[in-house]
Amino acid sequence: MIAIGVIFKRFAGSSTSDYFRGGGKMLWWMVGSTAFMTQFSAWTFTGAAGKAFTDGFPIMVVFMANAFGFLLSWLFFS
1 MIAIGVIFKR FAGSSTSDYF RGGGKMLWWM VGSTAFMTQF SAWTFTGAAG
51 KAFTDGFPIM VVFMANAFGF LLSWLFFS
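Under our numbering, the first residue of the sequence shown carries the number 1, and numbering increases by one thereafter.
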């Protein structure tokens, strides 16, 4: 692991902002698919369906907020 770190250090950016933002050079579809796939969990398939059934339309606010978050991540990372 240390050897891999030493070898690939030359590809690394100089700041943590550069690291977390991918240098601002990430492709839009990569950022979008990554953000979308991080939303999948056991709660998505079981809890969200049950919550939508019991609470009705207000649970849509959560999903609309997710869509807004995807847009922000696209603007910030791409």
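Worth flagging that the hints you see were computed from the coordinates, not collected in a lab. Do not rely on the hints blindly, as some may be mistaken.
[What the hints assert, rightly or not] Derived SDA-like pairs (lysine to any residue); straight-line CA-CA distance at most 25 angstroms: (1) K25 x A35; (2) K25 x L75; (3) K51 x V31; (4) K51 x M30; (5) K51 x L75; (6) K25 x G5; (7) K51 x F40; (8) K25 x N66; (9) K25 x V62; (10) K25 x K51.
Quantities reported herein were computed from a predicted structural model and do not represent experimental measurements.
- Does the alpha-carbon distance linking K51 and F40 stay inside the 25 angstroms limit? holds, 16 angstroms
- Query: Would the pair K51 and V31 pass a check requiring their Cα atoms to be no farther apart than 25 angstroms?
  - Reply: It is violated: about 28 angstroms lies between the C-alpha atoms, which goes past 25 angstroms.
- Query: Is K51 close enough to M30, meaning Cα to Cα at most 25 angstroms?
  - Reply: violated, 30 angstroms
- Query: Is the Cα-Cα distance between K25 and L75 25 angstroms or less?
  - Reply: With Cα atoms ~12 angstroms apart, K25 and L75 stay inside 25 angstroms; holds.
- Message: Hint check: K25 vs N66, CA-CA at most 25 angstroms. Holds or violated?
- Response: Holds, at roughly 23 angstroms.
- Keeping to a limit of 25 angstroms between CA atoms, is the pair of K25 and K51 held or broken? violated, 38 angstroms
- Starting from K51, check that the Cα of L75 is at most 25 angstroms away, please. violated, 30 angstroms
- Distance restraint between K25 and G5, which requires alpha-carbon spacing of 25 angstroms or less: holds, 22 angstroms
- Query: Holds or violated: are the alpha carbons of K25 and V62 at most 25 angstroms from each other?
  - Reply: violated, 29 angstroms
- Message: Check whether the Cα positions of K25 and A35 lie no farther apart than 25 angstroms.
- Response: holds, 16 angstroms
Hints 3, 4, 5, 9 and 10, counting from the list given before, are not met by this structure.
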